[in-house]
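> The chain contents come next:
There are 4 protein chains.
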Amino acid sequence: MDKMKFLVAGGDSRQTYLAQRLAREKAKVFTYGLDSANKAQRCTVLTELSQMAEQADVLVLPLVSSADGKSATAPFLDQDIPFAALADCLKAGALVVGGRISEQTAEFFESRGFAVADYFLREELMVKNCIPTAEGALQIAMEELPITISGARVLITGFGRVARATARIFTAVDAQVTVCARKYADLAWAELYGFVPMHISQIGEKISKFDLVINTIPAMVLNHGILAKLDKKSLVIDLASKPGGVDFETARQLDLKAIWALSLPGKVAPVTSGEIIAETVINMLLERGVRL
Amino acid sequence: MDKMKFLVAGGDSRQTYLAQRLAREKAKVFTYGLDSANKAQRCTVLTELSQMAEQADVLVLPLVSSADGKSATAPFLDQDIPFAALADCLKAGALVVGGRISEQTAEFFESRGFAVADYFLREELMVKNCIPTAEGALQIAMEELPITISGARVLITGFGRVARATARIFTAVDAQVTVCARKYADLAWAELYGFVPMHISQIGEKISKFDLVINTIPAMVLNHGILAKLDKKSLVIDLASKPGGVDFETARQLDLKAIWALSLPGKVAPVTSGEIIAETVINMLLERGVRL
Amino acid sequence: MDKMKFLVAGGDSRQTYLAQRLAREKAKVFTYGLDSANKAQRCTVLTELSQMAEQADVLVLPLVSSADGKSATAPFLDQDIPFAALADCLKAGALVVGGRISEQTAEFFESRGFAVADYFLREELMVKNCIPTAEGALQIAMEELPITISGARVLITGFGRVARATARIFTAVDAQVTVCARKYADLAWAELYGFVPMHISQIGEKISKFDLVINTIPAMVLNHGILAKLDKKSLVIDLASKPGGVDFETARQLDLKAIWALSLPGKVAPVTSGEIIAETVINMLLERGVRL
Amino acid sequence: MDKMKFLVAGGDSRQTYLAQRLAREKAKVFTYGLDSANKAQRCTVLTELSQMAEQADVLVLPLVSSADGKSATAPFLDQDIPFAALADCLKAGALVVGGRISEQTAEFFESRGFAVADYFLREELMVKNCIPTAEGALQIAMEELPITISGARVLITGFGRVARATARIFTAVDAQVTVCARKYADLAWAELYGFVPMHISQIGEKISKFDLVINTIPAMVLNHGILAKLDKKSLVIDLASKPGGVDFETARQLDLKAIWALSLPGKVAPVTSGEIIAETVINMLLERGVRL
Chain X
0 MDKMKFLVAG GDSRQTYLAQ RLAREKAKVF TYGLDSANKA QRCTVLTELS QMAEQADVLV
60 LPLVSSADGK SATAPFLDQD IPFAALADCL KAGALVVGGR ISEQTAEFFE SRGFAVADYF
120 LREELMVKNC IPTAEGALQI AMEELPITIS GARVLITGFG RVARATARIF TAVDAQVTVC
180 ARKYADLAWA ELYGFVPMHI SQIGEKISKF DLVINTIPAM VLNHGILAKL DKKSLVIDLA
240 SKPGGVDFET ARQLDLKAIW ALSLPGKVAP VTSGEIIAET VINMLLERGV RL
Chain W
0 MDKMKFLVAG GDSRQTYLAQ RLAREKAKVF TYGLDSANKA QRCTVLTELS QMAEQADVLV
60 LPLVSSADGK SATAPFLDQD IPFAALADCL KAGALVVGGR ISEQTAEFFE SRGFAVADYF
120 LREELMVKNC IPTAEGALQI AMEELPITIS GARVLITGFG RVARATARIF TAVDAQVTVC
180 ARKYADLAWA ELYGFVPMHI SQIGEKISKF DLVINTIPAM VLNHGILAKL DKKSLVIDLA
240 SKPGGVDFET ARQLDLKAIW ALSLPGKVAP VTSGEIIAET VINMLLERGV RL
Chain D
0 MDKMKFLVAG GDSRQTYLAQ RLAREKAKVF TYGLDSANKA QRCTVLTELS QMAEQADVLV
60 LPLVSSADGK SATAPFLDQD IPFAALADCL KAGALVVGGR ISEQTAEFFE SRGFAVADYF
120 LREELMVKNC IPTAEGALQI AMEELPITIS GARVLITGFG RVARATARIF TAVDAQVTVC
180 ARKYADLAWA ELYGFVPMHI SQIGEKISKF DLVINTIPAM VLNHGILAKL DKKSLVIDLA
240 SKPGGVDFET ARQLDLKAIW ALSLPGKVAP VTSGEIIAET VINMLLERGV RL
Chain H
0 MDKMKFLVAG GDSRQTYLAQ RLAREKAKVF TYGLDSANKA QRCTVLTELS QMAEQADVLV
60 LPLVSSADGK SATAPFLDQD IPFAALADCL KAGALVVGGR ISEQTAEFFE SRGFAVADYF
120 LREELMVKNC IPTAEGALQI AMEELPITIS GARVLITGFG RVARATARIF TAVDAQVTVC
180 ARKYADLAWA ELYGFVPMHI SQIGEKISKF DLVINTIPAM VLNHGILAKL DKKSLVIDLA
240 SKPGGVDFET ARQLDLKAIW ALSLPGKVAP VTSGEIIAET VINMLLERGV RL
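Chains as they are written, first to last, in numbering that gives the first Met the number 0: chain X, 0 to 291; chain W, 0 to 291; chain D, 0 to 291; chain H, 0 to 291.
Calculated from the structure, these hints are not laboratory results.
One or more of the hints may lead you astray.
Copies of the same chain look alike in the list, so a pair counts if it works inside one copy or between any two.
What the hints assert, rightly or not - The calculated lysine-lysine pairs, modelled on BS3-like cross-linking and capped at a C-alpha distance of 30 Å, are:
1) K182 <-> K27
2) K232 <-> K266
3) K205 <-> K69
4) K241 <-> K27
5) K231 <-> K266
6) K2 <-> K266
7) K241 <-> K4
8) K4 <-> K232
9) K256 <-> K4
10) K182 <-> K205
11) K90 <-> K208
12) K182 <-> K241
13) K90 <-> K228
14) K232 <-> K208
15) K256 <-> K208
With the hints as constraints, model all of the structure from the sequences given.
Here it is, written out as structure tokens:
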């Protein structure tokens, strides 16, 4: 069988590591519009799309595929890359993958007979991204707290993906981790994993005993009333996306140190982050019957 | 507030520990028909139901509540305990809890105005029972294998509750644990927890490399074709309920050691097992607004 | 370079696994007087020493090399193997290794120009043997206690090799492990490893709170006064060799379950045990400049 | 019994936390010359030594007790504190403790009838300091490496106190940790703790495979020849004191990132650091028969 051909176009440094990771499989990888200072190894780096002699089986768009639904985001180029130019580099029926693909973007490619899929909707990517997120939270805690994490009293609110990974890493470095959740089954899991379980109804009563509070619930959990009970020396890290779960304005007024840590994977571990996307793309191909 | 009154009637040794665990809360606990050789501490042990001066708020039936839908199983008595006699000891509107409650049993109590609930359907009980199950599997492995578990190559099929707890404990004692599942998100979780992930499509190809195979999938995973590839010195433990997942007849013919380990919690840790049920009953009351 | 030639003579089932492990290196391994029902794979099994065509570079004697200083212990033969017959199978200047080599045994071989070394005096063997010992202690605890090890309150006396490995494995399976020692530096290590440190002066005051007490100190630590304070349901395991550290007579009178668990490695993991000796012999050769 | 009286004089922020920690015991704690911006809680803060109404049982000098053998280092005051003034605040026969006490300092106090002891020579302090050191190394690795520590290939040279604690924390966060040492017993311990053992003779052959190399040996281990074989993307952290173990000049020429991380406890965790000293002082008193 011929090697699969990938065109990786646009995006930040993670796409370079994604391209390198794909090139470690049986695959031929072309890149365009990536960081020119950090060339993707084992890949064919194009300076013009017209240099592409062969047509690609798979087009890999960036994490935020497009700002306008017409072109791929390309911060390392002067301007974004028009989808039309990318489409010309693809085989008929090729697969287009990207992150946070808008309806408009999907329509552009699907109307031209390409298959479109979003790697950011894949659960295994979300799970794998929990590791750099948890490590990022640990790094912030280490940088901000004047005590060792070993022995620190840490409260984690919620017990979804990010909370589990974060509770696990803080426990691993010998913090005393309490997990606060609503469902008794979640509390049973927390206990099984060695965390102290705490029903969410007790948060107000017990919040003052923690050196570090990490929120993972995207709803206002750490509101004025709760923050007011916190020890002044404690640190708050919010890992929840979108609305967040911490009243930062109140935290500021109370002189509490509170940090909203978003998009940690790309910040703390761009190499691993890019590799995680590559591995997810490989799984997407496997499910379509293609083994690299 | 008055102390809650419990009547714990029938069942095996776990009910004794259940009763003792309830008595550690603010509660008054009566027992009837339990093991007379191992009296429940801090409980009022009745030798006749007629000795019960007060009426109970909660009746706790055994794990298999009833064999005939008319009486509570009572292996330590000459005969099972008629539901009618138990109903006479309850307050109006009392709660009746038990395990694997049949329709007929539920109807008996509900038609008399009692609330009925099955603690065996509670997810937190199933999660908590995974710990004694996993410990039981480890104990069997230690007893049967002539090698240390540290360094042993262990394959666990499936990634449900029991598989997660079992993979965790074997990893904790330094086995090399591979988890075999179908969904990529499960494999991502397995990797996050430090297990080697393996897609189930590879089981035939790789099965010969393991010292121990633990099945948790209730479907014929370890069939003739797979068992035939196993190393003759390896051990198979099946933790899957109902149909199981191992072709034991083939294992016998191939002279493979294969053990179907069912109902481990009651066997390896009856005390903890009884306490888990008690804690589940306490949660059930909390959800009904009753804090002991 | 020619392959090294080993003659493994006498001993119990561990010597079979030792021979197999050596044969996995670049080495030619002859065996004599081992278990005939369980032939060492990849080895040349001799039924008479006279069948040995080549002379060996290394003679491996059993764990207890000799009962009389004149012959190698050989429980699988009708009688022990005379050293003189073994010496005839060796090259001039060959190395003789064995366990617990007596002065008389050493003299026999040294006076004939052979080098003699005891693998049982090697520290790495003692360290490696701590794993099967700790696993054996865990197995006993699982078999004897009616509670899960997860959550069990375990006291370990001493902080030598065996104590460290045992505290580690019980902590790994989520027991609450307290380590009791005299030196503050040992207590600091215990804390670093996640165990609760307790100065030995407090043992009398706190002993009643444990479900399991594991002694590793070869001196009478668990004497009458201490045992009398133990909870009647608790279990005592003594891992200390020679005089032991538990007053078993008092334990019997108090109806306490106390188990003296000696020589666990050979009992719970004879395969691993034999391999540990083989790896130690390989190190001994490395130190003499011989790489297999 | 009367409360013990402590005078904590001079030093950096750690002495504040030390004083606070002592004050949590049954003790009366006076401080002089500490950070005025961060007052030690539960302590009596003196602005002049003459304010001290009572005489102290114990004088606690800073980590580096004295620069000149005549006065206590006091970076928060305009000038160091003359020993003579401090001696006037002590009971006859009081205990003077400090870190890195010089002969001249010891002689000053001993000649006046005081007992003198160095807490920096205590092994439990060295052990406890390994935790902030290991956390500091992890923090640096997280900050400098573009990959997750989970999955990173880490080599640790040496197997003393710092190496053990560092190997443990990196393993806890799922790095693949190899320990490189000379003694086979150390390698056996490394393996028991779940690290990959590697004899130091193999370092040249295998060094290129690591993402991170952490040296703990105070001798030139990572010399020109070894550094030249390192992957250019890998990171070197030197935790060894005094001469260090990395040829930093060569590292610079090779464009390798190499960091000499000294005195991490005071930098990454001043609170814990001060508490560790306080706990050591408490032990020193216990050994003199004084329980706070």
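> State whether the alpha carbon distance between K2 and K266 is at most 30 Å within one copy, between copies, both, or neither.
Classified as neither; 32 Å inside a copy, 52 Å across copies.
> Checking an output row: K231 and K266, CA cutoff 30 Å. Within, between, both or neither?
both (28 Å within a copy, 21 Å between copies)
> Have a look at K90 and K208 and pick one of within, between, both or neither, based on CA distance no larger than 30 Å.
Neither: 61 Å inside a copy, 39 Å across copies.
> Pop the pair K241 and K4 into one bin, within, between, both or neither, using alpha-carbon distances up to 30 Å.
Classified as neither; 36 Å inside a copy, 48 Å across copies.
> Given identical chains, is K241 near K27, meaning Cα to Cα at most 30 Å, within a copy, between copies, both, or neither?
neither (37 Å within a copy, 49 Å between copies)
> Between K90 and K228, at a C-alpha cutoff of 30 Å, which is it: within one copy, between copies, both, or neither?
Result: close neither inside a copy nor across copies, 61 Å intra and 42 Å inter.
> Using 30 Å as the alpha-carbon threshold, which applies to K232 and K266: within, between, both, or neither?
Close inside one copy (26 Å) and across copies (18 Å); limit 30 Å.
> Is it within a copy, between copies, both, or neither that the alpha carbon of K182 lies no farther than 30 Å from that of K241?
For K182 and K241, both the intra-copy (23 Å) and inter-copy (28 Å) Cα distances are at most 30 Å.
> My question is about K232 and K208: at a cut-off of 30 Å on alpha-carbon distance, are they close within one copy, between copies, both, or neither?
Only inside one copy: K232 and K208 sit 11 Å apart there, 35 Å across copies, limit 30 Å.
> Are the CA atoms of K256 and K208 at most 30 Å apart within a copy, between copies, both, or neither?
This pair counts as within: shortest intra-copy Cα distance 16 Å, inter-copy 40 Å.
> Using 30 Å as the alpha-carbon threshold, which applies to K205 and K69: within, between, both, or neither?
Neither. Shortest intra-copy (52 Å) and inter-copy (47 Å) distances fail the 30 Å Cα cut-off.
> Is it within a copy, between copies, both, or neither that the alpha carbon of K182 lies no farther than 30 Å from that of K27?
This pair counts as between: shortest inter-copy Cα distance 27 Å, intra-copy 48 Å.
When held up to the earlier numbered hints, the structure conflicts with 3, 4, 6, 7, 9, 11 and 13 and fits the remainder.
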